[in-house]
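Student: Chain by chain, the residues:
2 protein chains.
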Amino acid sequence: MNKTIKNHRSIRKYKSKKIDKAILDEILNAATRASTTGNMQVYSIVVTQDEKIKEQLLGAHFNQAMLTQAPVVLTFCADFNRFNKWCNINKAEPGYDNFLSFYTASIDALLAAQNAVIEAEEQGLGICYLGTTTYMAKKIIDILDLPKGVVPVTTLVVGYADETPDLTPRLPLKSVVHFEKYHDFDEDMIKKIYHERENSEETKQLLEENQKETLAQIFTDNRYKKQDNIFFSNEFLKVIEEQGFMNNK
Amino acid sequence: MNKTIKNHRSIRKYKSKKIDKAILDEILNAATRASTTGNMQVYSIVVTQDEKIKEQLLGAHFNQAMLTQAPVVLTFCADFNRFNKWCNINKAEPGYDNFLSFYTASIDALLAAQNAVIEAEEQGLGICYLGTTTYMAKKIIDILDLPKGVVPVTTLVVGYADETPDLTPRLPLKSVVHFEKYHDFDEDMIKKIYHERENSEETKQLLEENQKETLAQIFTDNRYKKQDNIFFSNEFLKVIEEQGFMNNK
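In order, the protein sequences belong to chains A and B. This note's numbering puts the first residue of the first sequence at 1, with every later residue one more than the last. This note's numbering puts the first residue of the second sequence at 1, with every later residue one more than the last.
Errors might be hidden in some of the hints.
Where chains are identical, the list cannot tell them apart; a pair therefore holds if satisfied intra-copy or between any two copies.
Claimed, not checked - Each computed PhoX-like pair below joins lysine-lysine, with the alpha-carbon atoms no more than 25 Å apart:
1. Lys225 - Lys249
2. Lys249 - Lys238
3. Lys139 - Lys225
4. Lys91 - Lys212
5. Lys17 - Lys238
6. Lys212 - Lys226
7. Lys174 - Lys192
8. Lys249 - Lys21
9. Lys226 - Lys238
10. Lys52 - Lys139
11. Lys91 - Lys13
12. Lys191 - Lys226
13. Lys91 - Lys192
14. Lys52 - Lys13
15. Lys181 - Lys191
16. Lys181 - Lys139
17. Lys225 - Lys91
18. Lys52 - Lys15
19. Lys52 - Lys148
No lab work stands behind these hints, which were simulated from the structure alone.
Chain A on its own, in the form it takes in the complex (with noise of 0.2 Å):
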């Protein structure tokens, strides 16, 4: 396997070390290497380092320490606005208000932002996802000045590591992976799935840390809760809609 890939963990502590504006160059080039739907490039990367605008996205990303610690915050964003301004000026009525636009654009900033992972990587840098991006879009609309037509969909703080954690355990292949058709699990598959995370010292450290029975009740309970899944699904569905993808009328 592809040794970066082989080797990829997230970062969550940085060094303060700048990274040079040819590397950078070379992951943003890499971005734009990866595929997009028609060709049509319809995601955008903001890439902001300057201290005052990233304490502002600070604040959008739950004060997670690592968006001012690392020197490069790239937020990659679903964008038809360039497109449709190309569109309105070329005699060309742009039909991309709508939801599956919205989707595609997602599609095409999404693999854009793994391939600069990767390249990213090459380069001797960490990178760290920040999931934070949809719960609080709305925030970094207004940080950013993303204009109608621009939804920020995920962002990665880039920059020398400053930890080297071990990598993180996946589930067994089988877990992800269908062959032919999509094989439903039955109550002991998923228990033999889940076996072996069940039982790691890591598990019984955190079951006992947050006093729980099961290690599911951290994610539900803690971790992942339905009441802020709700919250955040309105507030992200409300910025789609005014971003302009709503319109499948």
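Put chain B on the given structure of chain A with help from the hints.
Tutor: Relative to chain A, chain B alone:
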């Protein structure tokens, strides 16, 4: 830049040569090394090699010949089914039947897909993404027996290339990259950005073949039409709801 990233092109003609199981496993394992939200791995990959099932998928994907030509079809799905089942047998109430969770799972699936692409290309294979996945999600769900909690979001065909296409030109980097904040485009900038593409030999040929005045019209009138986008927006939103991801209250 990483050579594999730099040399990426979509392949639309494939040799009949099969992919060794060891190579396929490397590709699938590489996919699992991508970042995933909270290490929940809320995605799945359906690997289809059976000729009969590929024939069915061919119909779902607008009869693009590469679907049956390429030996392997990978359908990447946003998938909370496995995770929900795990919660349910562990006294934890899953709260992942909402839009945010669907979008989170989509991100997981798409990052995994791009890792699979890079590993496949490193192994000497070619790939092509099929955007038709979201258009025809309902049909794909039926063909691949995808249960509730699972939505197909993109598809890759993978195989040995039987063509050597040129690299696809991209817009200048400044078209997709914004420094610090988003800097919106005026008409002059849009014209500059698209100048080279609009004046290429390929564009001149396209305009003549399609009897159009501008390249933008080929996108709006032929390739990605408003009426189709609206139709497939509603179809895809219906699928997201039917698969159990729209309980946002």
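Student: Does each hint hold? Answer for all of them.
Tutor: Okay, the hints, checked on the actual structure:
Taking identical chains as interchangeable, the C-alpha atoms of Lys225 and Lys249 lie at most 25 Å apart only when they sit on different chains, with a minimum of 14 Å there against 33 Å within one chain. In this homomeric assembly, Lys249 and Lys238 come within 25 Å of each other (Cα to Cα) both inside a single copy, at 17 Å, and across copies, at 14 Å. Within a single copy, Lys139 and Lys225 get their C-alpha atoms as close as 21 Å, which meets the 25 Å cut-off; across copies the closest is 32 Å, which misses it. In this assembly of identical chains, the alpha carbons of Lys91 and Lys212 lie at most 25 Å apart only when taken from different copies (10 Å versus 61 Å within one copy).
For a Cα distance limit of 25 Å, the shortest separation of Lys17 from Lys238 qualifies neither inside one copy, at 38 Å, nor across copies, at 48 Å. Proximity of Lys212 to Lys226 under the C-alpha cut-off of 25 Å is restricted to the intra-copy arrangement: shortest distance 17 Å within a copy versus 51 Å between copies. Taking the shortest alpha-carbon separations for Lys174 and Lys192, only the intra-copy value of 11 Å comes in at or below 25 Å, while the best inter-copy value is 50 Å. Proximity of Lys249 to Lys21 under the C-alpha cut-off of 25 Å is found in neither arrangement, the shortest distances being 45 Å within a copy and 46 Å between copies.
When the C-alpha separation of Lys226 and Lys238 is checked against a cutoff of 25 Å, the pair qualifies both within a copy, at 18 Å, and between copies, at 22 Å. When the C-alpha separation of Lys52 and Lys139 is checked against a cutoff of 25 Å, the pair qualifies only within one copy, where the shortest distance is 15 Å, while the shortest distance between copies is 49 Å. Taking the shortest Cα distances, Lys91 and Lys13 never come within 25 Å of each other, neither inside one copy (50 Å) nor across copies (34 Å). With identical chains, the CA atoms of Lys191 and Lys226 are at most 25 Å apart within one copy only, with a shortest distance of 23 Å there and 47 Å across copies.
In this assembly of identical chains, the alpha carbons of Lys91 and Lys192 lie at most 25 Å apart only when taken from different copies (17 Å versus 59 Å within one copy). In the homo-oligomer, the alpha carbons of Lys52 and Lys13 lie at most 25 Å apart inside one protomer (20 Å), although the nearest pairing across protomers, at 50 Å, exceeds that limit. Only within a single protomer do Lys181 and Lys191 lie at most 25 Å apart by alpha-carbon distance; the minimum there is 21 Å, versus 47 Å between protomers. Proximity of Lys181 and Lys139 under a CA criterion of 25 Å is satisfied inter-copy only: 13 Å between copies versus 41 Å inside one chain copy.
Taking the shortest Cα distances, Lys225 and Lys91 sit within 25 Å of each other only across copies (14 Å), while inside one copy they are farther apart (48 Å). Proximity of Lys52 and Lys15 under a CA criterion of 25 Å is satisfied intra-copy only: 18 Å inside one chain copy versus 54 Å between copies. In the homo-oligomer, the alpha carbons of Lys52 and Lys148 lie at most 25 Å apart inside one protomer (24 Å), although the nearest pairing across protomers, at 45 Å, exceeds that limit.
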